[in-house]
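Model the full assembly from the supplied sequences, consistent with the hints where possible.
Listed below, chain by chain, are the residues.
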Amino acid sequence: DAKTTQPNSMESNEEEPVHLPCNHSTISGTDYIHWYRQLPSQGPEYVIHGLTSNVNNRMASLAIAEDRKSSTLILHRATLRDAAVYYCILHLWGTYKYIFGTGTRLKVLA
Amino acid sequence: DAMVIQNPRYQVTQFGKPVTLSCSQTLNHNVMYWYQQKSSQAPKLLFHYYDKDFNNEADTPDNFQSRRPNTSFCFLDIRSPGLGDAAMYLCATSRDGHPNTEAFFGQGTRLTVV
Chain A
153 DAKTTQPNSM
163 ESNEEEPVHL
173 PCNHSTISGT
183 DYIHWYRQLP
193 SQGPEYVIHG
203 LTSNVNNRMA
213 SLAIAEDRKS
223 STLILHRATL
233 RDAAVYYCIL
243 HLWGTYKYIF
253 GTGTRLKVLA
Chain B
45 DAMVIQNPRY
55 QVTQFGKPVT
65 LSCSQTLNHN
75 VMYWYQQKSS
85 QAPKLLFHYY
95 DKDFNNEADT
105 PDNFQSRRPN
115 TSFCFLDIRS
125 PGLGDAAMYL
135 CATSRDGHPN
145 TEAFFGQGTR
155 LTVV
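Residue numbers (this note's numbering), protein chains in the order written: chain A, 153 to 262; chain B, 45 to 158.
To be clear, the hints were calculated from the coordinates, so they are not data collected in a lab.
It is possible that some hints are incorrect.
[Claimed, not checked] Lysine-lysine pairs mimicking BS3-like chemistry, simulated, CA-CA at most 25 Å apart:
#, chain 1, residue 1, chain 2, residue 2
1, B, Lys82, A, Lys155
2, A, Lys249, B, Lys96
3, A, Lys221, A, Lys249
4, A, Lys259, B, Lys82
5, A, Lys155, A, Lys221
6, B, Lys88, A, Lys259
7, A, Lys155, B, Lys88
8, B, Lys88, A, Lys249
9, A, Lys221, B, Lys96
10, B, Lys82, A, Lys249
11, A, Lys155, A, Lys259
[Stated by the list, open to error] Chain A stretches covered by chain B per the calculated footprint, using a threshold of three residues with CB under 8 Å from any CB of chain B:
#, region
12, 162-174
13, 195-202
14, 214-225
[To be verified] Pairwise CB distance ranges, derived in the manner of DEER restraints:
#, chain 1, residue 1, chain 2, residue 2, range
15, A, Lys259, B, Arg53, 36 to 46 Å
16, A, Ala215, B, Gln85, 36 to 46 Å
17, A, Met162, B, Arg53, 24 to 34 Å
18, B, Asp106, A, Arg229, 45 to 55 Å
19, B, Phe117, A, Leu191, 18 to 28 Å
Note that the structure is predicted; figures quoted are calculated from it, not measured.
Note that the Cβ used here is the ideal one computed from N, Cα and C, for glycine as well.
Below, the structure written as structure tokens:
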């Protein structure tokens, strides 16, 4: 299965932008990149996903490298409620599977 | 309103005593998933259903079984829970499992084995 690699933890100050990186060097051309986050004692929550182009929604932006071997989740203004574990996931074409990477624990400082 | 509902939120079972966790969805999605998440680890896929078709992950222990009697409900049965099966169990759904669609997760059931 394709793998993703993320830093174990990151810190950000409140109301500053946060860039969460993910490496997925084994990605194939039809695999989608998904991001989910998990708040303490809750199930994962969808954040954003994309294939090749950069994507924006009300929660975040997703920047995908031209070679697709890495991506960055951008939170434009971190709040205390954004403190969570952020998972970068490859959804493999031809399967129904969402396979989680190890995740980045984001700490937001007031 | 919750769209993927897991009951109970917390379950305590005895070592070796069969236990069933339940999941229901109001989304009418075709695909349902069960994940196991141990402390400080990422969720690990156990199996999934596409409609009635069951797909087991190769490394899912035989101790774990699942049933999906209809579109809305899915159950996780642990036949003889061991201490190592203590974890959060997450149910998720996807409209059709296509990579361009998102998954919806329930709040999870935290299983304790005593």
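Results of checking the hints against the structure:
1. Restraint check for B:Lys82 and A:Lys155: satisfied, since their Cα atoms lie roughly 19 Å apart, inside the 25 Å limit.
2. Pair hint A:Lys249 plus B:Lys96 holds up; C-alpha atoms about 16 Å apart against a cutoff of 25 Å.
3. Only pairs whose Cα atoms come within 25 Å are accepted, and A:Lys221 paired with A:Lys249 is accepted, the gap being roughly 19 Å.
4. A hinted pair counts as satisfied when its Cα atoms are at most 25 Å apart, and A:Lys259 with B:Lys82 qualifies at roughly 21 Å.
5. For a cut-off of 25 Å, the pair hint linking A:Lys155 to A:Lys221 stands: about 11 Å separates their Cα positions.
6. The suggested pairing of B:Lys88 with A:Lys259 holds, with an alpha-carbon distance near 24 Å, which does not exceed 25 Å.
7. Our distance criterion of 25 Å between C-alpha atoms is met by A:Lys155 and B:Lys88, whose separation comes to about 13 Å.
8. In summary, the hint linking B:Lys88 to A:Lys249 is supported, as the alpha carbons are separated by about 11 Å, within the 25 Å threshold.
9. At roughly 35 Å between alpha-carbon atoms, A:Lys221 and B:Lys96 are farther apart than 25 Å, so this suggested pair is violated.
10. For the hint linking B:Lys82 to A:Lys249, the alpha-carbon distance of about 19 Å falls within 25 Å, and the restraint holds.
11. Under the criterion of a C-alpha separation no larger than 25 Å, the hint pairing A:Lys155 with A:Lys259 is consistent with the structure, at around 24 Å.
12. For the region 162-174 of chain A, the assignment as covered by chain B is violated, since 0 residues bring a beta-carbon within under 8 Å of that chain's beta-carbons and 3 are needed.
13. By the rule of at least three residues with a Cβ nearer than 8 Å to a Cβ of chain B, the coverage given for the region 195-202 of chain A holds, with 5 such residues.
14. As drawn, the region 214-225 of chain A meets chain B at 0 residues by the rule of a beta-carbon pair under 8 Å; below three, the given contact is violated.
15. Between A:Lys259 and B:Arg53, the C-beta spacing of about 26 Å breaks the proposed range 36 to 46 Å.
16. Checked against the hint of 36 to 46 Å, the C-beta distance between A:Ala215 and B:Gln85 comes to roughly 27 Å, which is inconsistent with it.
17. Between A:Met162 and B:Arg53 the Cβ separation comes to about 29 Å, which falls inside the hinted range of 24 to 34 Å.
18. Checked against the hint of 45 to 55 Å, the C-beta distance between B:Asp106 and A:Arg229 comes to roughly 48 Å, which is consistent with it.
19. About 26 Å separates the C-beta atoms of B:Phe117 and A:Leu191, a value consistent with the hinted range of 18 to 28 Å.
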